[in-house]
Structure formats: structure tokens, C-alpha cells
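Given only the sequences and the hints, what does the whole structure look like? Please build it.
For the sequence shown, the numbering used here assigns the number 16 to the initial residue and increments by one for each residue that follows.
Watch out, some of these pointers could steer you wrong.
To be verified - The following label-pair restraints were derived from C-beta to C-beta distances: (1) G660 with E47: 54 to 62 Å; (2) E664 with K550: 36 to 44 Å; (3) A585 with I308: 53 to 61 Å; (4) R736 with D56: 22 to 30 Å.
Said to hold, decoys possible - DSSO-like, lysine-lysine: derived pairs with alpha carbons at most 30 Å apart: (5) K83 with K50; (6) K584 with K520; (7) K242 with K300; (8) K432 with K374; (9) K374 with K323; (10) K669 with K700; (11) K637 with K669; (12) K694 with K683; (13) K550 with K587; (14) K683 with K782; (15) K261 with K300; (16) K584 with K554; (17) K454 with K550; (18) K300 with K323; (19) K683 with K669; (20) K242 with K185; (21) K694 with K637; (22) K584 with K653; (23) K261 with K209; (24) K50 with K116; (25) K550 with K584.
Hint data in this document are derived by calculation from the structure and do not stem from the laboratory. These numbers come from a predicted model, not from an experiment. Even glycine gets a Cβ: it sits at the ideal position worked out from N, Cα and C.
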Amino acid sequence: MRKLLMVVLAIHLGVVQPQCLRAQINETASQELIKNLSDSDVERRRDAAYELTRRRDTSPEVVEALEKSLADNDTQVRFQALMALARAGEKSAPAMAGLLKCVSDRDDQIRYRAGGALGQIGAAAVEPLVANWAEGTDRARIAMAQALEHIGPAASAAIPLLDQALANGKEGLPRYAAEALVAIAPQDEAMFLKMAGQADGVVRKIGITALASIATPSDVVTQELRKGVKDAEPKIRETAIIALAKSNLPMSEKSQFIETALLDEGASVRAAAIVAMRKADLPGKEFAMRIAIRLEAAEPEAANAIVKALAALGSDATATLPSLLQCIDKPGIDQDLVAHALASFGGPAVPELLAAIEKQPQSEAVLSRALALIGEPAVTALVQGMSSDNELIRTAATRAVGGVRPLNRSLLETLAKGLGDSSPTIRTIAINALMAANKEAAFVQERLLEALQDTAAEVRAAALQSLTIFEFAPEDIQTALSRGLSDSVPVVRVSAANVLAGLPKFHRGNMERLVDLMGDADGRVRRASIQTVGKFDTKLIDDAMIQACVRALGDDDHTVRLAATEAVKALKLAAPSVLGAVAANLVDDQELLRASLDAISGFGDQAASLIPSVSGLVSHEKADVRAAAITALAEIDKDPQQLTGRLTEALDDKEWEVRRIAGVALGKLGPEAKGAVPKLFRLLKNEEDTDFASGALREINTAPVEAIPLFMENIESEERRVGFYAISLLGKIGPPAAEALPKLEAMLANPNSGGGREAGRSDFRRKFLRDAIASIRGEPIEEDKK
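See the structure below:
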């Protein structure tokens with residue numbers, strides 16, 4: 016930095032010419048960054064590595080310094096060094112030795128990035144990669160294979176090693192070896208045929224894909240692709256069918272393969288068949304008829320794939336309309352898919368669809384949807400249909416017009432005429448369609464107010480929904496709500512309660528009626544009412560409503576109890592009577608059980624009386640219930656010792672998610688949970704649990720004296736994280752851990768102890784040792800001294 020200031024001063028005084036300034040600043044800055052890469056402050060090292068990566072400085076001095084940083088004990092520094100070397104490309108060749116060490120690193124990302132950097136070096140890296148292959152583990156070889164893949168054809172010397180890895184590799188190596196071979200020899204038919212015959216499904220898929228890319232495939236290749244469409248692995252079948260579609264096979268054979276794939280049991284294969292159909296450029300009309308014949312006998316999944324294929328063929332499949340009409344009511348058929356397929360035939364299909372409505376009244380909704388999707392070409396016929404003497408045609412036409420997008424003013428006015436239709440169903444459809452248009456249909460507000468008093472309950476229920484969409488006068492809204500909540504028909508009361516939920520300004524004025532409805536004879540009304548109560552401001556909740564909630568928690572209708580539980584949770588009603596009613600639902604019904612536990616979690620220590628009931632569920636047979644019970648306990652049990660014991664037991668659960676929740680909860684208890692430390696420490700050795708266990712240990716940040724023998728057994732563990740925590744936790748115990756001092760001091764005196772296998776990390780280990788020794792001796796640690 017001093018040099019940099021001198022250069023700036025010199026230019027100011029005229030000693031240095033301006034054109035020399037940039038070069039000198041860059042040189043000085045790079046030297047400073049290189050120096051910072053060895054600084055004891057990890058933040059400086061990180062900043063220096065990041066800046067060198069950003070600058071793309073590829074000078075020999077920088078490359079040498081970055082190679083040294085590959086042994087840094089900080090992961091971020093190493094990551095940045097690898098990125099910088101990768102960006103340097105061929106100029107990183109002098110760092111080859113350091114990069115080759117990194118492909119054997121324990122960290123997956125370090126290995127991956129090291130492979131990427133070696134691949135960027137190019138051909139110069141091939142010989143060292145080949146020479147180091149035999150000594151590497153299969154995980155290391157994966158990184159080397161990734162490097163060779165990037166190098167491509169120039170890495171041909173590695174083909175024998177990669178070939179051998181196809182059959183003998185583990186840890187996923189065969190896949191990466193196969194990908195590298197494809198990149199190195201992109202037209203090696205014999206090699207790809209060999210891959211296609213491997214037992215490993217992933218390798219077979221890579222082989223099939225590679226065979227499909229051969230410019231002039233032989234008959235042997237084509238035959239292998241034919242075998243691929245019958246492979247046991249769906250991924251291979253889907254790859255093969257697309258490959259065959261692009262091949263030079265006769266069109267008749269392609270058609271047969273694609274037809275068979277449409278009937279495949281694998282969803283991905285059926286989807287691939289539709290892609291293949293497009294790529295094969297099949298004769299659409301002929302193929303459509305061929306697959307439509309299969310609709311009647313096909314299983315539901317296959318029938319849906321055929322329908323989707325017909326939709327993709329569009330107007331070429333128009334002749335299959337009768338077959339589609341016949342399959343509308345087929346069990347398991349996706350009716351929306353059928354509607355889209357019928358719509359794909361466009362305007363010419365409109366007369367047949369309208370005629371089909373009379374012949375298949377049960378299919379009216381699907382046919383109306385198809386007509387709506389056709390859109391403008393169908394509008395004229397639909398508007399005419401709205402004036403038909405046939406109620407079914409008017410219903411379909413009204414529904415279809417309401418589904419046309421965009422809905423212009425002319426169509427909205429046509430729909431408004433439906434409000435006066437003699438059929439309640441049509442009036443309801445018209446109301447729903449107009450509401451969907453939102454403010455564009457505001458001109459019908461007065462008509463909707465009239466509909467609120469319609470003779471048909473379904474129309475009144477639909478019209479009530481408009482209160483949340485259009486801007487009615489407050490007095491009109493209150494009048495409508497009062498009528499709706501007191502309507503003689505349950506469906507209208509349900510609608511009114513649902514509408515009230517979205518109109519908070521009217522909550523206070525309707526509380527008494529809502530409490531009455533929570534005891535309604537109809538379960539649907541009770542459910543809607545309690546759901547609306549759950550939207551209330553808690554300030555509006557009085558004793559009458561609390562008692563109504565308690566009754567709802569014990570309702571005979573399962574859905575009402577669920578709704579009441581959600582409402583109680585939302586309102587945080589922790590009155591003793593409410594808690595007692597919630598506790599009564601902690602049995603049998605799993606859905607209600609989960610909802611009740613979630614509600615209890617929100618009550619905090621107000622629900623302490625439920626601790627015994629919740630504790631009993633920590634051993635429930637269902638993992639999600641156990642997890643919810645632990646979450647609830649962690650919120651309501653404020654006795655640290657008691658809670659620690661229960662959470663510690665949960666660390667033995669067979670399900671990872673349950674163990675994780677317990678571990679995280681223990682961490683939140685901090686030092687109070689030190690009794691759980693031995694078990695958490697043992698979980699460090701479990702790959703599944705190590706992350707949450709280490710997080711909890713960091714937060715607890717202490718340990719019980721009885722754990723000393725456990726830590727002493729593990730201070731030289733081959734698992735780096737286990738060793739570090741053993742040393743650190745001994746230090747946290749302090750003077751009572753004096754028996755560990757001789758071992759810790761011996762490790763500190765031996766530079767290779769514990770960390771000698773991982774160059775660059777021994778300093779990090781020794782810092783832990785120094786801090787632990789100082790703490791046990793009762794001396795201040797380095798940070799304290801500062």
C-alpha cells in the first residue's frame with residue numbers, strides 16, 4: 016500500500032509520466048494482493064482471492080500464489096483460488112500439482128471446481144491426469160473425468176482408463192466416464208454401442224443418446240436403438256424413441272414405435288412419444304386415425320397421452336372428433352385435455368360440437384369449454400345459441416361465451432342478457448362470467464342487486480359473491496349480508512359467510528348472527544362461519560364467540576373441527592376452555608391431530624397445561640405427527656431441563672426430519688441444553704445429521720463434564736469436524752477437563768498430529784488446540800488477549 020501511495024504522489028509531482036501510472040498501480044496492487052493471500056486474517060485472504068479472481072490476472076506470480084492458496088484452511092479462499100485458476104485457462108498449467116491434489120479433497124465442490132480448472136488448462140493437463148488416475152479414489156476420478164470431458168478430443172490418451180471405469184467404477188464414476196468418452200470421441204460408434212449394453216441405466220442412456228447423434232448410423236446402431244425402446248429403464252426408452260424419430264427408418268416403422276410409446280406405462284416415455292411425433296414429421300391425418308382407434312381400450316394414462324397427441328396434431332386430427340366425443344366420460348380421462356384437443360380443430364368443429372351437446376348432455380361442460388377455447392371463430396354461433404329454445408344449448412352457449420378471452424363489451428352485454436333467462440342455471444353462469452370480467456362488467460351492478468333476491472337459491476348465492484368485486488354502497492352490502500346470513504337455504508348462508516370473510520368493515524355488525532350460524536344445523540354453514548371468524552380482528556372476539564369456537568372444536572363434523580382449529584390458531588385463542596377443547600382433539604384423526612399441534616405451537620407457554628398430552632405424541636407411529644409434537648413442545652415447555660431431556664430422546668428417532676427438528680430446538684435453548692451435547696456430538700459422524708448437529712453444538716457452546724472421555728476418544732478423529740468439535744468442547748468445559756491437557760499439549764507439539772494428512776489445515780487445528788489448552792488452564796485465549 017505504501018508503494019501505491021508513493022506512485023500516486025510521484026505522478027502528482029510530475030516525477031512519473033501519466034502513461035506509466037496504470038501499469039505501476041496494477042503491478043503494485045497485485046503484489047499487495049499476493050501478500051494478502053498469506054495474511055493471518057481470513058477476511059483479508061478472502062478479499063484478496065476474490066479480487067484476483069475478478070481481475071483475471073494470469074501473471075506467473077499470481078498463478079503461483081493462487082496454487083498455494085489451494086491449501087488454505089478456509090473453504091471460501093480455496094473456492095476463489097480455484098475459480099481464478101479456471102479463468103486463467105492454459106496459463107494455470109504451472110499450478111497443475113496443486114489442482115491435482117484438490118481432486119482428492121473431501122469437499123465435493125472443491126473436487127468439482129478443481130476438475131473444471133484442469134479442464135480449462137486443456138491438452139497440457141491430459142498427461143498429468145492420466146498419470147494420477149491410478150492413485151485416485153473413484154470420487155477423485157469423477158473430477159478428473161469431468162476435466163477430460165471438457166478437454167474433449169485432445170484427451171484421447173485417457174480413453175482406455177475411462178473405458179475401464181465404465182464397468183468397474185463406483186460412486187457414480189461410470190456416468191462421468193461415459194460423458195467424457197462421448198466428448199472425447201463424439202462419433203465412436205463401437206464405444207457407444209458398448210455403453211448402450213452396460214448394466215448401469217445411466218450409462219445406457221448416455222450410450223443411446225450418443226448413438227442417436229451419429230451422423231451416418233450403421234444398421235447395427237439402428238438395431239440398438241430399436242432395442243432401446245424396449246429397455247427396462249424408462250429414461251432409455253424415452254431417449255430411444257426420440258432418436259428413432261430422427262432416424263432414417265421407414266415412416267411406417269417410426270409410426271409403430273411412436274404409437275407403442277404413447278401406450279407406455281412410463282409417463283416420461285409417453286411425453287417423449289409426443290415429442291418424437293413432431294420430430295418424425297409423420298403423416299398427421301393417417302397417424303391421428305391410427306392412434307384414435309386405441310382410445311377406447313387404452314388405460315387412462317395412455318388414453319390421456321393419445322388425447323394430448325391429437326391436440327398436438329391439431330386440424331390434421333379433425334376426423335378423430337367422434338372418437339374424442341366418445342371418450343369424454345371414460346373413467347380417468349382428463350376432460351380438460353379433451354376440451355383442448357377438440358378446440359385444436361378450430362372453427363370447422365363448431366357445428367359438430369354444438370350438435371354433440373344435444374346428443375351428450377352429460378358432456379355439456381367439456382364441450383362448452385372447447386367452444387370457449389376456439390374463441391372468435393365460435394362466437395357468432397354461440398351468441399345465436401344463447402337465444403335458442405333449447406335450454407341445454409342456451410346453457411352451453413352462455414358458459415362458452417363466458418369463457419371466451421378476451422371478453423369485449425359486446426360479449427359482456429350479451430352475457431348480461433343471460434341474467435334474465437328463465438333458467439336459474441343460466442342466470443348463475445352469467446353472474447359468474449360477469450364477475451370474472453371484474454370492473455369491465457360494472458354496468459350490471461344494479462342487475463346483480465336484483466339477483467340477490469332471485470327466487471333461485473343458487474342465483475342468490477352467486478350474486479352475493481359480487482359484493483367483494485364491485486363497489487356497492489355500504490348500506491346495500493349490509494342489507495345483502497343480513498339477508499344472506501338469514502337465508503332459508505344453506506348454500507346461500509354459506510356464500511354469505513364466505514363473502515363476509517373478505518369484508519372486514521362489516522365484521523362487527525354481523526358478529527351475533529355469525530355466532531348463531533356456528534351452531535347451524537348444516538355442517539357446511541358451520542364450517543364457513545368458523546372460517547370467517549378466523550379472519551376477524553382479535554379485538555372483536557368476545558366470550559360468546561369463544562364459546563362458539565369451543566363448541567366447534569368438538570363438532571361431530573370433521574371438517575368443522577378442522578376449520579375451528581385453524582381459526583383458533585389464527586386468533587391465538589388460548590383461553591382454558593379453548594385449550595381443553597384443542598387437547599381433546601389430540602387423538603386418532605391424523606389430519607386433525609397435526610392441525611391441533613400446529614395451533615398449540617402458536618400458543619407458547621400459555622399452553623403449558625398441554626405438555627403431558629403433547630409429550631405422549633413424541634412417540635406417535637407417524638413421523639409427521641412426531642415432528643409436529645416436538646415443534647409444539649419446544650414452544651410451550653419452558654422448563655429447559657425437562658425440555659432438553661425430551662428433545663434429546665427425539666435425537667434417536669429413525670426419521671431424519673424428526674431428529675433435525677429436535678436438534679434445531681436444542682440449539683435454540685443454548686447452554687441450557689448442554690445435557691444433549693454427547694448425543695449431538697455422536698451425530699456428527701452421521702452424514703445425514705452432521706449439519707444440524709454441528710449447528711446445535713455451536714449454539715449450545717458448552718458441554719457437561721461427563722462428556723470428557725467421549726471427547727478425548729475423538730480428538731484425533733479422521734473426521735475433521737469431529738476432531739475440531741472434540742477439542743473445542745474440551746476447552747468449553749474448562750479446568751474440569753484438566754485430564755485432557757497432556758494429550759492436547761502433545762498434539763500441539765506435533766505439527767503432523769491430527770491435521771498432517773491435510774496440508775494447510777494444521778494451523779487451523781493448532782489454533783483450536785491453543786484455545787482449548789488456554790481455556791482448560793484458566794488463561795485468556797488469543798481473542799481475549801487482544
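Hint-by-hint comparison with the structure:
no.	hint	result
1	G660 with E47: 54 to 62 Å	holds (55 Å)
2	E664 with K550: 36 to 44 Å	holds (39 Å)
3	A585 with I308: 53 to 61 Å	holds (55 Å)
4	R736 with D56: 22 to 30 Å	holds (23 Å)
5	K83 with K50	holds (12 Å)
6	K584 with K520	holds (22 Å)
7	K242 with K300	holds (28 Å)
8	K432 with K374	holds (26 Å)
9	K374 with K323	holds (24 Å)
10	K669 with K700	holds (16 Å)
11	K637 with K669	holds (11 Å)
12	K694 with K683	holds (16 Å)
13	K550 with K587	holds (12 Å)
14	K683 with K782	holds (27 Å)
15	K261 with K300	holds (20 Å)
16	K584 with K554	holds (15 Å)
17	K454 with K550	holds (25 Å)
18	K300 with K323	holds (15 Å)
19	K683 with K669	holds (22 Å)
20	K242 with K185	holds (26 Å)
21	K694 with K637	holds (23 Å)
22	K584 with K653	holds (20 Å)
23	K261 with K209	holds (22 Å)
24	K50 with K116	holds (23 Å)
25	K550 with K584	holds (11 Å)
Comparing the model with each earlier hint shows no violations; every hint is respected.
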